[in-house]
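Put together the whole structure using the sequences plus the hints.
Numbering (our numbering), first residue to last: 1 to 350.
Hints listed in this document are in silico derivations from the structure and should not be mistaken for laboratory results.
Even glycine gets a Cβ: it sits at the ideal position worked out from N, Cα and C.
Careful: at least some of the hints might be erroneous.
Computed beta-carbon distance windows for the label pairs [stated by the list, open to error]: (1) Glu69 to Lys128: 31 to 39 Å; (2) Ala237 to Gln319: 46 to 54 Å; (3) Val36 to Asp268: 45 to 53 Å; (4) Asp299 to Asn132: 33 to 41 Å; (5) Ile158 to Asn291: 39 to 47 Å; (6) Gln319 to Asn291: 27 to 35 Å; (7) Val36 to Asp267: 36 to 44 Å.
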Amino acid sequence: MPKKTGSYIIYCNSVGGNDELIFDGNSLILGPKGNVIAKAAAFKEDLIMADIKKPEETKDIEQISREEENIQALILGIRDYFHKQGLKKGVLGMSGGIDSAVVGCLAVKALGKENVCGIMMPSKYTSKQSANDAKELCKNLGINSLTIPINAIHKLYIENIFPEKKEDFIDTTEQNIQARIRGNILMALANKNNWLVLATGNKSESAVGYCTLYGDSVGALAPIGDIFKTDVYKIAAFLNKDNILIPQAIIDKAPSAELKPNQKDQDDLPLYEVLDKIIRAYIEDEDTPQNIVNSGISDKKTVFSVIKKIDANEFKRKQFPLSFKMSKKSLGCSRNMPIVKDMSFAFKTK
Numbered sequence: 001m002p003k004k005t006g007s008y009i010i011y012c013n014s015v016g017g018n019d020e021l022i023f024d025g026n027s028l029i030l031g032p033k034g035n036v037i038a039k040a041a042a043f044k045e046d047l048i049m050a051d052i053k054k055p056e057e058t059k060d061i062e063q064i065s066r067e068e069e070n071i072q073a074l075i076l077g078i079r080d081y082f083h084k085q086g087l088k089k090g091v092l093g094m095s096g097g098i099d100s101a102v103v104g105c106l107a108v109k110a111l112g113k114e115n116v117c118g119i120m121m122p123s124k125y126t127s128k129q130s131a132n133d134a135k136e137l138c139k140n141l142g143i144n145s146l147t148i149p150i151n152a153i154h155k156l157y158i159e160n161i162f163p164e165k166k167e168d169f170i171d172t173t174e175q176n177i178q179a180r181i182r183g184n185i186l187m188a189l190a191n192k193n194n195w196l197v198l199a200t201g202n203k204s205e206s207a208v209g210y211c212t213l214y215g216d217s218v219g220a221l222a223p224i225g226d227i228f229k230t231d232v233y234k235i236a237a238f239l240n241k242d243n244i245l246i247p248q249a250i251i252d253k254a255p256s257a258e259l260k261p262n263q264k265d266q267d268d269l270p271l272y273e274v275l276d277k278i279i280r281a282y283i284e285d286e287d288t289p290q291n292i293v294n295s296g297i298s299d300k301k302t303v304f305s306v307i308k309k310i311d312a313n314e315f316k317r318k319q320f321p322l323s324f325k326m327s328k329k330s331l332g333c334s335r336n337m338p339i340v341k342d343m344s345f346a347f348k349t350k
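This is the structure in structure tokens:
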């Protein structure tokens with residue numbers, strides 16, 4: 001456009017978070033040749049001026065990685081979400097897993113370490129490694145932390161609701177009870193102290209419903225709710241680039257909800273490298289199930305199983321806390337997927 005008209009173009013963009021939307025700044029002035037002669041900062045307020053009567057000087061635009069851009073956007077979104085509501089402090093569950101580690105780091109950068117509290121809520125299924133990793137993370141971040149074991153509470157739930165339960169049998173109901181106990185504790189502390197709960201779920205888990213309604217999904221805000229699990233690991237690596245915030249053991253170990261003995265996410269899901277490709281193709285690219293199979297991402301049974309989970313769990317996502325829109329199609333507001341729909345295709349896997 002500048003080349004056609006011989007005009008200068010001034011592009012002025014907002015800066016800051018507005019619910020799920022994050023405006024990134026990056027305002028700029030283009031010269032008649034289409035070159036950038038002035039550019040404002042990204043993700044913060046800035047003032048730029050240019051004298052168009054003087055000879056143009058092309059300004060080099062600093063290129064940043066996708067991970068750094070995501071981090072800057074999420075920090076801005078968290079900070080504005082709290083600030084615009086007149087609140088200062090956030091709380092989150094620290095499990096010793098990668099998701100809570102990343103959300104904890106982002107919260108500290110957005111709010112300050114004095115305004116973040118990490119709650120460790122171990123059960124008898126929490127590994128010693130995870131408990132130690134969570135403690136080390138809180139120490140690295142310099143945040144206040146509390147340890148509230150849930151064994152006794154969980155035992156009372158089971159004894160009163162299912163008195164005939166066999167001791168060695170752990171089904172989905174009992175796993176969900178653990179998550180809901182933790183959600184209850186976080187909400188109670190938030191209510192008592194005027195904090196906001198930060199949910200730690202990611203896009204991969206939310207898409208397929210691999211989370212507990214009223215459990216690990218409770219909160220006022222889910223900062224990484226539109227970030228795929230594979231990208232969470234990339235963000236973690238970038239956060240550790242200058243100094244180690246997230247213990248390497250958290251990054252290295254296999255992801256697990258630790259709600260039953262020796263549990264791993266991949267007991268119930270494909271590898272996240274595969275899962276994320278299927279979700280991206282179906283949600284963001286709006287591709288058909290058969291086309292996704294034909295693309296070679298995975299076999300027909302796996303693809304159809306994942307898509308069945310996506311469609312069946314919209315009722316959960318409708319009740320999830322707000323997430324920042326970080327992709328071209330987030331789960332919360334872009335797809336407008338109905339809660340009830342015909343999923344007969346999902347059973348035709350032969």
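Hint check results:
1. Glu69 to Lys128: 31 to 39 Å: holds, 37 Å
2. Ala237 to Gln319: 46 to 54 Å: Given a distance of about 32 Å, which is not inside 46 to 54 Å, the answer is violated.
3. Val36 to Asp268: 45 to 53 Å: Given range 45 to 53 Å: holds, Cβ gap about 48 Å.
4. Asp299 to Asn132: 33 to 41 Å: Holds: the Cβ-Cβ distance is about 38 Å, inside 33 to 41 Å.
5. Ile158 to Asn291: 39 to 47 Å: holds, 45 Å
6. Gln319 to Asn291: 27 to 35 Å: holds, 30 Å
7. Val36 to Asp267: 36 to 44 Å: violated, 51 Å
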